[in-house]
Amino acid sequence: MKKQVILSFIFLLGLVKIGFCDQKILYLNIYGPGQQYFNIYVAPPIFLGNRQDHKKDKQIIVDKTYETILKNISYLPFLKSIPGKDIIGGPKIKGVTLKDIDFNKFSINKIDLLTTIGWNIFDNNKLKIEIRTFDVFSANLYVGRGYILNKENQAYIAANRYCRDLMKKLTGKSGFFSSMLAFVKRTKNGSKNIFISTPQGYLEQQITNLKGLALSPSWSWDSNYIVFTYLSTNKHQLLLWKRNGELKRIMIPGNTIISPVFNPQGNIVVSTDMSGNPDIYLLDKNFNIKSALVKTWAIDISPSFDNTGQKMVYVSSIYGSPNIFLYNFKTKQTERISYLGKYNTNPCISGDGKFVVYSTLTEKGHRIVLCNLKTMEETIITNGPGNDEHPVWGPDGYFIAFCSNRTGSYKIYLTTKGGTPPKVVNTGQGDTTDVSWSKEF
Amino acid sequence: MRTFSFICSILLHISIIILAIYIPKTSHKINLREQHIYNVQIITLKPKKRSRNKRILTKKRVYKKPVIIKRFNPHGEIANKKVVKIPIRTTKKVKHKIPVKINPEILKQKILKSAISEIESSIEKQRQQNSFIQKEIKSLEKKAKTENSSETSNNNIKIYSKFVEQKIKENWRYPLLKSSKLNTVVQITINKHGDIDFKIKKPSGNPSFDNAVIKAILETKKLPPPPIGGKKITIYITFFGQGRQ
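Quick mapping for you: the protein sequence lines, in order, are chains A and B. Under the working numbering, the first sequence is numbered contiguously, ending at residue 441. Under the working numbering, the second sequence is numbered contiguously, ending at residue 245.
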């Protein structure tokens with residue numbers, strides 16, 4: 001009996017061993033997704049009220065909102081808008097809420113996010129828009145917002161706000177839709193003036209009306225001021241624009257006053273030639289020169305600060321040709337960071353102080369270079385044609401705006417630190433240069 | 001004196017004139033126009049092949065002895081002289097050797113026998129060679145099996161795992177802006193038909209990231225059968241939000 005039990009036990013062990021040997025175990029690591037975006041489908045707006053309540057003028061506002069959302073999505077490299085004609089089984093949806101949508105159809109078409117727009121009129125003439133985005137895989141609401149609109153102009157604001165919330169949910173950052181660009185544009189009388197607009201080119205506004213040349217605008221950290229250089233007939237001037245439309249002239253010594261910026265503490269830092277060559281000076285709250293930040297025998301211009309104000313990058317010709325230098329206020333050490341070309345200008349440090357972008361002169365023209373301050377690796381992220389100049393960081397440290405004459409005249413283009421294909425910002429006719437990107441507000 | 005010199009000059013002139021007339025006639029002129037140029041090809045003759053059969057078959061050329069022709073002189077006497085020797089060409093048939101008569105059937109059989117024996121010997125030789133080659137191949141196969149079987153199977157599995165990685169990564173969609181430090185561990189089992197069964201072993205803590213990973217596996221649907229002879233394969237995949245650095 002004992003023998004039988006032992007034998008059967010051995011037999012069972014053998015069977016178990018065979019079972020285990022029947023499969024092989026492997027370990028794999030997948031670094032980063034193959035496609036760094038979500039597929040999104042934005043369904044056309046649906047009127048949710050009764051037929052007799054439908055009004056054409058309100059329909060125009062809703063359509064504008066829909067178009068603006070689509071245009072906003074086209075600026076985001078991490079969202080790929082899928083046209084309705086590409087959806088097998090048709091893009092039609094019964095309603096705008098969860099229960100009205102057949103998510104399987106969209107799942108088969110590899111759509112990750114579905115946005116619906118519903119609108120209604122209440123209290124006789126008030127327009128209400130409901131915008132929802134669903135996660136197709138889990139069939140859950142991702143982001144849902146409602147807006148009451150009266151004018152066509154408000155369609156942009158509603159679309160921008162919705163896209164800001166969607167981006168925040170997706171990426172944790174939303175600076176792109178809650179910031180403004182300031183730039184220089186040539187006006188009809190031949191002068192150059194300062195303009196502001198959203199990063200997509202909406203709500204463009206001329207904020208100065210000067211006869212000379214306004215140059216190098218720079219936003220303050222709280223986005224309430226813009227400081228810029230003004231070249232009148234006889235000399236350089238430093239001007240300050242306030243949000244209420246007021247312009248103030250700042251008197252500082254020197255004939256050449258260039259590249260003024262704000263530091264995170266709210267002080268103006270400017271390059272002026274008080275002692276021969278231009279050097280970088282810090283002004284106090286009363287716009288008097290407080291101290292020299294960089295003072296050498298060479299030309300020192302174009303300062304840029306990170307969010308902490310501990311790191312400053314600038315251009316210096318101390319080694320002969322202009323190159324980018326990093327000054328650390330904590331360690332009080334200066335380090336050269338540009339080694340790629342011989343003529344490097346217009347540096348801008350990211351808010352987190354990890355990356356610097358600048359323009360370098362190559363054989364084919366100026367190109368934008370991204371420098372990783374940790375690894376000191378320099379990468380050219382634009383390919384022209386023409387000149388790509390004056391790069392600036394967006395408030396989220398992801399987007400980069402720069403000026404380029406690749407289509408003939410100078411326009412503002414948007415790219416990312418990954419070097420995604422640049423997308424032009426619609427700023428109308430006339431050369432657009434010297435772009436500055438505000439912080440989030 | 002004058003007359004003498006006059007005569008001398010006349011004689012000299014005459015002699016010059018005579019010389020001028022006669023000397024050109026005596027010299028041989030070469031007229032190049034009349035010369036013909038011939039192009040000649042140089043040919044080397046091949047030596048004649050001598051064959052026994054030809055020697056036997058060809059007719060010998062035999063020269064007859066010169067015949068003495070008696071000619072009568074005008075006086076009617078016979079001149080007993082050898083006058084002319086005219087060689088006369090005559091042909092003489094060479095006699096063939098008569099072969100020994102053999103029965104053709106016996107000859108055929110003999111030829112057949114010899115041919116068969118030759119073929120048989122060649123076949124045997126080939127058989128021996130083939131068996132030797134087969135033995136060599138078998139020994140080499142044995143060696144290869146013992147030495148490289150594990151290596152080849154490992155290589156196949158490596159290629160397969162790389163293919164699985166590529167296929168799943170292709171279907172993995174997620175914006176990198178947010179995914180910097182997230183990672184999810186998924187256990188997938190692929191059966192002999194290539195069907196995928198999966199289980200999340202360690203979630204990232206971000207449902208959106210985990211959903212994107214699950215979608216990637218679901219959209220992959222099917223993979224080729226594992227290269228380990230009908231056995232199923234288990235793969236632990238770690239999905240890192242950040243690219244390799």
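Mixed in with the good hints, there may be bad ones.
As the list claims (entries may be wrong) - Okay, derived cross-link-like pairs now, SDA-like style, lysine to any residue, Cα gap no bigger than 25 angstroms in a straight line:
1) B:181 to A:105
2) B:201 to A:290
3) A:105 to B:221
4) A:94 to A:27
5) A:110 to A:91
6) A:128 to A:46
7) A:24 to B:181
8) B:162 to A:31
If you are wondering where the hints come from, they were derived from the structure by calculation, not from laboratory data.
So, going through the hints one by one against the coordinates:
Proposed proximity of residue 181 of chain B and residue 105 of chain A is contradicted: the alpha carbons are some 32 angstroms apart, above 25 angstroms. Distance check on the hinted pair: residue 201 of chain B and residue 290 of chain A sit about 60 angstroms apart at the alpha-carbon level, beyond 25 angstroms; violated. With a C-alpha separation of about 17 angstroms, the suggested pair residue 105 of chain A and residue 221 of chain B falls inside the 25 angstroms cut-off, and the hint holds. For the hint pairing residue 94 of chain A with residue 27 of chain A, the CA-to-CA distance comes to about 45 angstroms; that exceeds 25 angstroms, so the pair is violated.
Of the pairs offered as hints, the one joining residue 110 of chain A and residue 91 of chain A holds, with about 13 angstroms between alpha carbons and a cut-off of 25 angstroms not exceeded. Only pairs whose Cα atoms come within 25 angstroms are accepted, and residue 128 of chain A paired with residue 46 of chain A is accepted, the gap being roughly 12 angstroms. Pair hint residue 24 of chain A plus residue 181 of chain B does not hold up; C-alpha atoms about 30 angstroms apart against a cutoff of 25 angstroms. At roughly 13 angstroms between alpha-carbon atoms, residue 162 of chain B and residue 31 of chain A fall within 25 angstroms of each other, so this suggested pair holds.
Comparing the model with each numbered hint stated earlier shows that hints 1, 2, 4, 7 do not hold.
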